[in-house]
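Q: Go ahead and model the full structure; you've got the sequences and the hints to work with.
Order-wise, the sequence lines are chains A and B.
For what it's worth, my numbering labels the leading residue of the first sequence as 1357, then goes sequentially.
For what it's worth, my numbering labels the leading residue of the second sequence as 1049, then goes sequentially.
FYI, nobody ran anything at the bench for these hints, they're computed from the structure.
Yeah, the Cβ is synthetic: ideal placement off N, Cα and C, and Gly gets one too.
Among the clues, some could well be false.
From the structure, some residues in chain B lie toward chain A, with a derived Cβ separation under 8 angstroms [unchecked claim]:
| id | residue |
| --- | --- |
| 1 | D1072 |
| 2 | Y1079 |
| 3 | S1295 |
| 4 | S1322 |
| 5 | A1414 |
Think about it this way: if two alpha-carbon atoms lie no more than 30 angstroms apart in a straight line, the pair counts; the simulated DSSO-like pairs of lysine-lysine are [to be verified]:
| id | chain 1 | residue 1 | chain 2 | residue 2 |
| --- | --- | --- | --- | --- |
| 6 | A | K1386 | B | K1452 |
| 7 | B | K1177 | B | K1119 |
| 8 | B | K1452 | A | K1681 |
| 9 | B | K1316 | B | K1448 |
| 10 | B | K1359 | A | K1667 |
| 11 | B | K1156 | A | K1390 |
| 12 | A | K1390 | B | K1273 |
| 13 | A | K1390 | B | K1342 |
| 14 | A | K1653 | B | K1342 |
| 15 | A | K1397 | B | K1448 |
| 16 | A | K1384 | B | K1273 |
| 17 | A | K1397 | B | K1177 |
| 18 | A | K1386 | B | K1448 |
| 19 | B | K1452 | A | K1657 |
Each pair of labels, with its calculated beta carbon distance range [as the list claims (entries may be wrong)]:
| id | chain 1 | residue 1 | chain 2 | residue 2 | range |
| --- | --- | --- | --- | --- | --- |
| 20 | A | G1756 | B | S1291 | 32 to 42 angstroms |
| 21 | A | D1663 | B | R1054 | 48 to 58 angstroms |
| 22 | A | M1357 | B | S1572 | 25 to 35 angstroms |
| 23 | B | R1054 | A | T1423 | 18 to 28 angstroms |
| 24 | B | W1257 | A | W1652 | 51 to 61 angstroms |
| 25 | B | P1524 | A | E1693 | 24 to 34 angstroms |
| 26 | A | W1652 | B | P1542 | 16 to 26 angstroms |
| 27 | B | W1257 | A | E1603 | 54 to 64 angstroms |
| 28 | A | K1633 | B | Q1380 | 38 to 48 angstroms |
| 29 | B | S1066 | A | W1720 | 13 to 23 angstroms |
| 30 | B | E1394 | A | E1693 | 17 to 27 angstroms |
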Amino acid sequence: MSLENYRYDVENCVRCSNCKWVDYICMKSKRFSKICPSHTKYLFDVYSCQGRMDVARGLMNKELDYTETVLDVVYKCTMCGACDIMCKRCLDLEPLEVLETLRIRLVEEGLGPMPAHKAYIERAEKTHNVFGEPHEKRFSWVPQEFLNRKDADVIFFVGCLSSYRSLEVAKATLKILDTAGVKVSVLTDEWCCGSPIFRVGDLKTAKKLMEHNLSLIKDTGVNKVVTSCAGCYKMFKVDYPKILGEETGLEVAHIVEYIDKFLDEGKLKFSKEVNLKVTYHDPCHLGRLSEPYVFWKGERKRYGLTDPPKKWRRGTYGIYEPPRKVLRSIPGITLVEMERIKENAWCCGAGGGVMAQYRDFAEWTAKERIEEAKVTGAEAVVSCCPFCKLNLEPKAKEAGMQMFDLTELIIKALGLEV
Amino acid sequence: MERIPREIYHTLESIVGSEYITEDPVICQAYSRGGYGKDIYDRGRVRPACVILPGCTEEVQAIVKVCNRYKIPYIPVSTFYIGFCAPTKPYTIMVDLKRMDKLWINEKNMYAVVEPYVNYAQLNTEALKLGLYTNAPLCGAQASVLANHLFQGMGQNVWRTGFANKRILAVEWVLPDGELLHLGSASIIKDYFWGEGPGPDLRGLVRGWFGHSGGLGIVTRIAVKLFPIPYRGVPEVWGVTPSTGFSLPSERFRWYNVICPTLEKAIKFMREVSKAEIAAVCMRIPYVWRYLRKATCREELWGYWLEDKAKLKGQIPSIVRVAIWGFSSEKQVEYEEKVLMDIANEVGVTVKPASPYAAGECLKPAASVRAFLPGGNFMGQKFNFDSLDHAVKVLKSGYKIKRKHIPPFMDDGEEAGWILCFDFGYHVYAELDYYFDAQEDVEEAIKAEEELLKDDLEIKAYPGAQWGHLHEVSGPHMLNYHKLMEKIGKTFDPNHLSNPPRFIGTRKEESTILTEVWRKICQSVIEEEKRRRKNS
Chain A
1357 MSLENYRYDV ENCVRCSNCK WVDYICMKSK RFSKICPSHT KYLFDVYSCQ GRMDVARGLM
1417 NKELDYTETV LDVVYKCTMC GACDIMCKRC LDLEPLEVLE TLRIRLVEEG LGPMPAHKAY
1477 IERAEKTHNV FGEPHEKRFS WVPQEFLNRK DADVIFFVGC LSSYRSLEVA KATLKILDTA
1537 GVKVSVLTDE WCCGSPIFRV GDLKTAKKLM EHNLSLIKDT GVNKVVTSCA GCYKMFKVDY
1597 PKILGEETGL EVAHIVEYID KFLDEGKLKF SKEVNLKVTY HDPCHLGRLS EPYVFWKGER
1657 KRYGLTDPPK KWRRGTYGIY EPPRKVLRSI PGITLVEMER IKENAWCCGA GGGVMAQYRD
1717 FAEWTAKERI EEAKVTGAEA VVSCCPFCKL NLEPKAKEAG MQMFDLTELI IKALGLEV
Chain B
1049 MERIPREIYH TLESIVGSEY ITEDPVICQA YSRGGYGKDI YDRGRVRPAC VILPGCTEEV
1109 QAIVKVCNRY KIPYIPVSTF YIGFCAPTKP YTIMVDLKRM DKLWINEKNM YAVVEPYVNY
1169 AQLNTEALKL GLYTNAPLCG AQASVLANHL FQGMGQNVWR TGFANKRILA VEWVLPDGEL
1229 LHLGSASIIK DYFWGEGPGP DLRGLVRGWF GHSGGLGIVT RIAVKLFPIP YRGVPEVWGV
1289 TPSTGFSLPS ERFRWYNVIC PTLEKAIKFM REVSKAEIAA VCMRIPYVWR YLRKATCREE
1349 LWGYWLEDKA KLKGQIPSIV RVAIWGFSSE KQVEYEEKVL MDIANEVGVT VKPASPYAAG
1409 ECLKPAASVR AFLPGGNFMG QKFNFDSLDH AVKVLKSGYK IKRKHIPPFM DDGEEAGWIL
1469 CFDFGYHVYA ELDYYFDAQE DVEEAIKAEE ELLKDDLEIK AYPGAQWGHL HEVSGPHMLN
1529 YHKLMEKIGK TFDPNHLSNP PRFIGTRKEE STILTEVWRK ICQSVIEEEK RRRKNS
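A: What follows is the structure in structure tokens.
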């Protein structure tokens, strides 16, 4: 992944500023009309996708040196991909891949990632999780019968956050799968999926983790993987093939896709009312960035035509409807929408290593989202990602709102406990 | 890039606070190029020396005064895109106005007051909630309402809303030397409801056909007219990116594509619609935009277009987009639709219902940037304002020039281009676009631009595109208007610091403040300041 490979994309940013606003057609108010957390908070244009394209161009053309400010600009971004999808409403460019490559380049130059990132990467290398917790603790909550199950049909890839910090999500997911009759297995040698590490540009370490996980899963002979974390989901579905350069051969699903299917098939039936007015927060990695990776190796010809023709991931086929359909099907739930939804969703603020390195920025971004949620009149915010929950929950509480992962509401509606 | 002397930098910093000013080259890099017309209108660009973000008019004034005291060039920027805002002079300060983003709507009196960083998407979103709207430019709803009103202010809705000059009410304007000037009602009662004030109307200076592009100071607040629309609310959105839209109730809003076999028939049809004084929108759209709008990628655009172009065998129809809105009642829609059909029958053109989701693109254009899809860059030329007949004359003549450049320009099969009528066809705008490779055809595009302007002069078209170096070409043919602009520039901006070399690039004697000269001037001012402070 060389920055030079993206010269066309960088040079053909037309400075239209589509990367800064929600789709104009979808705009519902001036108050919630912006889409880029970084640009909204830090104001200078360099903190927008357009500005970062200029920085990339400056670095490639040696007009700029690699300075502390370059690091600041590149890493004060949640990598939510809103800019990428908004740009692609009109243009055939790959802005998010440029941002990813900029980070990889900074790591290669020995400048990145940032100190907090380096710390969690070091922990992940030692203990296979970003928290530095003992590896054994990762699966200590899992009932024995689900560990390394021989007759499994599906592997539940739990992820670091759910294993160590958001156990309620992990337990709920396992319970739902079991209730639906899925022969589900949790692998005791699961390592961090690599998402927080790749997201900050450490390709080398991320690859080690990815190769381990992939080999581990393949050895089981099971090719279905389900996650409850949007970050792990996107990593397996999109970034594993992209980084490893080949299809993984895995069928990757998020738990919400399974729940949707189980409800249709009658494998799950709700028995309890959950009387709650909720609003749904689309996780970036489950929504606009979740389309399967499309391999393309070619070149730009005249007029910028791609040869062979490239298929673009524009966020059209993100997982937008299943969580909404599932929520609406829960007895007692009233779903009210925020203004910025689906491909136009405002990021929770946790991604791209921001929560670790720039706590104030992460909190500011979450506060902005909760203010939007509050306007709907909802009592609770629901999401499908433990990272989103972790970052949004404190601000939700401050605003007098509750925060749930969707799996928790499913457990309630099924009349179960975890 | 040389740093601004510390004394000056700290003075600027004291105006806005350290959070809102920077001279870091990485941050300044993001302000070092233009938008539309990239590598064309921003030639000779340099990285600015400093970026500053004022939060209010007083801060803008103070910044401009400092710039004048020390002879530093400054450039105001807001939402960007079509920008003649790339710095070309050493030590340029970019005045980024995005902290100034207030919007007030006066529902009863149907106008909005906006600061520079309010865009059309925001304004029309909020206005629609109150049953109001305004025109939105075809370059996209991300454009600054304020900046665009200082320009032509064209778009689909100008059929009714008219040219931008008619929509501007009161204005707050920081002159190039930092003096504050209020125009219209704001000049005496600090209320923005009306554009006329005591004495002469200076709105002709603050705006223009191509505006002053920040070349005559910084407009910090402007009131613009809003118009009634028979809808009140937030329309429900259809679709998902990149195909989104919204419709408005069909009892009051109808959309049509009128397929005309020839350009002449299209013009005849538009003229009759104009005479009948019906419709809310009536404009000719280049045929290739049907493909640009629908294509899912560049390759698909070229594939479908080339296939269909071959089938059409050179007989590219003229498409006229019409909207009928029932401003007063549903009966108005029925009546106007009948008139429209009668006209179509008489003229011999076909009226087809268009997607109701055209409403979204009309009020908040989101697909405009697709103009870059065919080749990576495009240019619009001609920009003539006169009548329907005149539009045909200039576009057809321009087409002959454009033809010579195909290839390398994309063959869009167009013998004309965009034709937009203002005030029910009272006057008409013509624009000829060409699409080209962003890397390889830039020189060709610049050549074509000059040829097209010279063609305007030759056929005595009114008045022909003018900006940048083109003033030099067109000025001598048009009463030496550029000399008048030079005088205006010298009067208001004696130091030529407001976005040089814009407003009028022929001010050569001042347009280049050489580094050495500037440094000497600057140092002497600093010394003088020091002496003054010591004495006081």
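Q: So, against the hints stated earlier in the document, which numbers end up violated here?
A: Numbers 3, 4, 6, 7, 8, 15, 18, 22, 24, 25, 26, 30, in rising order.
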